[in-house]
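Peer 1: Read off the chains here:
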Amino acid sequence: MSGGAEPADPVSAAVARAFREERAIVLATLIRQAGDFQLAEDAVQDAFEAAVTVWRRDGVPANPGAWITTAARRRAIDRLRRNRSVADRAERLAELTRLDAEHEEPSMEDESTIVDDRLRLIFTCCHPALEMPARVALTLRALGGLSTGEIARAFLVAEPTMGKRIVRAKRKIAEAHIPYRVPADEELPDRLRGVLRVIYLIFNEGYAATEGDRLVREELCDEAIRLGELLCRLMPDDAEVWGLLALMLLHDARRAARVDASGRYVALDAQDRSLWDQDRIRDGLARLERAVRLRRPGEYQLQAAITALQIQAPDAETTDWAQIAELYGALGRLNPSPVVELNRAVAVGLGSGPAAGLELLEPLLGEPALERYQPLHAAHAELLSRAGDADGAARAYERAIALTANAVERAELERRLGSLR
Amino acid sequence: MSQYMLLVYEEEVDAAVQAEREKVTPTLLELHASLREAGLLVGVKRLRSAESATSIRARDGQAEIVDGPFAVTKEVLAGYYILECADLDEALKQAARLPMAAWGTVEVRPVVSADEWVEVVRQAGVDVPDDAVNDLA
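These protein sequences, in sequence, are chains A and B.
Each residue of the first sequence is one higher than the one before, counting from 1 in my numbering.
Each residue of the second sequence is one higher than the one before, counting from 422 in my numbering.
It is worth saying that the hints were derived from the structure and are not from the lab.
Errors might be hidden in some of the hints.
Here are some of the chain A residues that sit facing chain B, going by a computed Cβ distance under 8 Å [as the list claims (entries may be wrong)]:
hint, residue
1, Arg32
2, Ala129
3, Glu131
4, His177
5, Leu365
6, Gly366
7, Ala369
8, Leu370
Reference excerpt, derived from the structure (chain A facing chain B, CB under 8 Å, subset only) [stated by the list, open to error]:
hint, residue
9, Arg84
10, Leu130
11, Pro179
12, Ile311
13, Pro314
Calculated pairs, DSS-like style, for lysine-lysine (alpha carbon to alpha carbon, straight line, at most 30 Å) [as the list claims (entries may be wrong)]:
hint, chain 1, residue 1, chain 2, residue 2
14, A, Lys164, B, Lys466
15, B, Lys444, A, Lys164
16, B, Lys466, B, Lys514
17, B, Lys444, B, Lys466
18, B, Lys514, B, Lys495
19, B, Lys466, B, Lys495
20, B, Lys514, A, Lys164
Glycine residues also receive a C-beta, built at the ideal position from the N, C-alpha and C atoms.
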């Protein structure tokens with residue numbers, strides 16, 4: 001994200017490029033070698049700052065990544081000499097000094113070590129012993145290279161608050177000895193699910209919000225997709241990793257059509273389809289196919305498949321609702337949730353007629369978790385209206401209207417209520 | 422003879438006030454030595470800050486991990502374990518094995534080693550002898 005706009009002068013451009021392409025790789029390895037997240041991050045920061053001056057004086061090096069690696073390692077050695085509170089300091093210093101003497105460069109390091117280091121960094125940033133907002137912030141900072149200010153703006157949080165959150169997370173990693181490693185096989189599925197959740201949360205934060213700095217928010221979507229792509233490269237044998245990337249791409253393809261000229265949310269069936277990004281849709285479908293070929297179904301693949309069916313059909317009428325209802329059924333068996341059951345009821349209602357949909361939806365009206373859930377009552381109203389029960393539909397619309405805090409949503413529900421009469 | 426556990430509660434304060442507090446260390450060292458001499462001291466540990474804590478509960482066979490210390494509810498302190506683990510993952514794994522995690526909460530707090538304790542005190546500007554490590558564990 002930083003350096004999104006390429007600076008005009010070649011040195012700044014080279015530094016920006018190195019930052020974008022090399023920073024996470026250098027940082028991931030240096031954290032392992034220095035044994036301290038904060039120290040490694042500071043050292044990498046120092047190295048990039050030094051690069052601006054030194055490259056301007058001596059010219060851009062042939063291998064900027066190698067230059068940054070060496071500079072960051074030396075800064076880490078300097079910082080370790082001064083900082084006595086780092087655990088196993090003497091061993092770390094000896095190891096870094098040895099590496100420095102060997103002139104070992106990343107190009108000479110085993111490719112799998114670089115892959116492993118980045119996975120270590122991902123799993124550490126997304127560790128379950130860190131609170132969710134800290135996982136999100138740390139992931140964006142360490143892997144995405146976002147500044148604290150950028151993350152704060154994206155999440156509508158004051159910069160000092162976000163700064164404290166990140167510092168605290170790094171301190172906890174050090175003090176509680178959160179390990180810097182890829183989880184063992186028996187923990188991996190659970191922990192990977194946690195990582196995917198963080199990435200999807202970053203995506204949704206950018207995608208779902210309609211307020212705040214729109215530009216920064218859209219870049220959250222891009223960043224989440226970049227992280228999804230990275231994870232696909234690092235763990236290509238996991239179907240859900242591909243499933244998540246597919247899901248994000250299929251949503252993102254419709255980003256421009258989701259909001260109208262006045263910034264209001266536009267529902268799927270009212271969207272201007274000419275605004276959809278067909279390349280992205282093709283990319284998303286290709287990722288979904290790749291996921292499905294691995295024959296390990298999961299919740300992201302199912303959601304991506306549902307989204308794919310919705311956007312491949314020319315309109316709501318010709319959408320394959322029976323298939324969508326089946327996919328929601330599978331999703332509910334994997335991850336039981338009243339919201340998924342509601343979506344299944346709506347799909348059944350659209351596919352097999354309102355009576356069948358109502359039969360599934362009505363038991364949900366007694367569900368405590370959904371009591372104040374506006375979409376339940378809006379869907380109930382829609383199905384009742386299709387079944388010809390205008391009075392029942394009106395009551396359900398009124399209930400939905402009472403539950404919405406959003407002016408655009410309210411206007412739409414009132415329009416539908418009015419058209420009943 | 423009966424064993425008693427003395428639980429120390431204090432407000433967490435900023436670094437400057439904490440540095441001031443570290444000045445009691447010489448008194449603490451004398452106290453520990455005298456308790457030991459009287460055969461009363463079984464063990465003493467200093468814990469890291471509450472923000473380094475992780476709480477774990479096991480519900481429906483699923484471990485729920487929460488960042489942060491145990492939040493005050495109806496549950497009260499019922500016992501303790503001190504485990505020597507490679508890292509937090511191992512500590513959490515072992516904590517989840519406690520059957521009490523199924524109805525209670527297990528807070529996992531890193532312990533400050535005696536060496537680190539001496540280091541912390543010295544960084545606060547308080548002079549303590551090298552053999553203080555023997556009285557801080």
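Peer 1: Work down the list of hints and note, for each, if the structure agrees.
Peer 2: Hints, verified against the model:
Interface restraint check for Arg32(A): the shortest CB-CB distance to chain B comes to about 14 Å, outside 8 Å, so the restraint is violated. Restraint check, Ala129(A) versus chain B: the minimum CB separation of about 4 Å is within 8 Å; hint holds. A least Cβ separation of about 4 Å between Glu131(A) and chain B falls short of the 8 Å threshold, and the interface hint therefore holds. Checking His177(A) against chain B: minimum C-beta separation of about 5 Å stays under 8 Å; hint holds.
Given hint, Leu365(A) at the interface with chain B, is violated; its Cβ is 26 Å from that chain's nearest Cβ, farther than 8 Å. The closest approach between the C-beta of Gly366(A) and any C-beta of chain B is roughly 23 Å, which is over the 8 Å cut-off, so the hint fails. At its closest, the beta carbon of Ala369(A) sits 17 Å from a beta carbon of chain B; the interface hint therefore is violated under the 8 Å criterion. Here the hint on Leu370(A) is broken, as its CB sits about 21 Å from the closest CB of chain B, past 8 Å.
At about 7 Å, the closest approach between the beta carbon of Arg84(A) and any beta carbon in chain B falls short of 8 Å, and the interface hint on this residue holds. This hint holds: Leu130(A) has a C-beta 5 Å from the nearest C-beta of chain B, less than the 8 Å allowed. Look at Pro179(A): its Cβ gets to within about 4 Å of chain B, closer than 8 Å, so that hint holds up. With its C-beta approaching chain B no nearer than about 35 Å, Ile311(A) sits outside the 8 Å limit, and its interface hint is violated.
At about 43 Å, the closest approach between the beta carbon of Pro314(A) and any beta carbon in chain B exceeds 8 Å, and the interface hint on this residue is violated. For the suggested pair Lys164(A) and Lys466(B), the alpha carbons sit about 28 Å apart, so the restraint of at most 30 Å is met. Distance restraint check for Lys444(B) and Lys164(A): the Cα-Cα separation of roughly 28 Å lies within the 30 Å cut-off, and the hinted pair is therefore satisfied. Restraint check for Lys466(B) and Lys514(B): the C-alpha separation of about 22 Å stays at or below 30 Å, so the hint holds.
Of the supplied pair hints, the one linking Lys444(B) and Lys466(B) holds, its CA atoms being roughly 18 Å apart against a limit of 30 Å. Distance restraint check for Lys514(B) and Lys495(B): the Cα-Cα separation of roughly 25 Å lies within the 30 Å cut-off, and the hinted pair is therefore satisfied. Between Lys466(B) and Lys495(B), the direct Cα distance comes to roughly 26 Å. Compliance with the 30 Å bound is thereby established for this hinted pair. Using a Cα cut-off of 30 Å, the hinted pair Lys514(B) and Lys164(A) holds, with the two alpha carbons roughly 28 Å apart.
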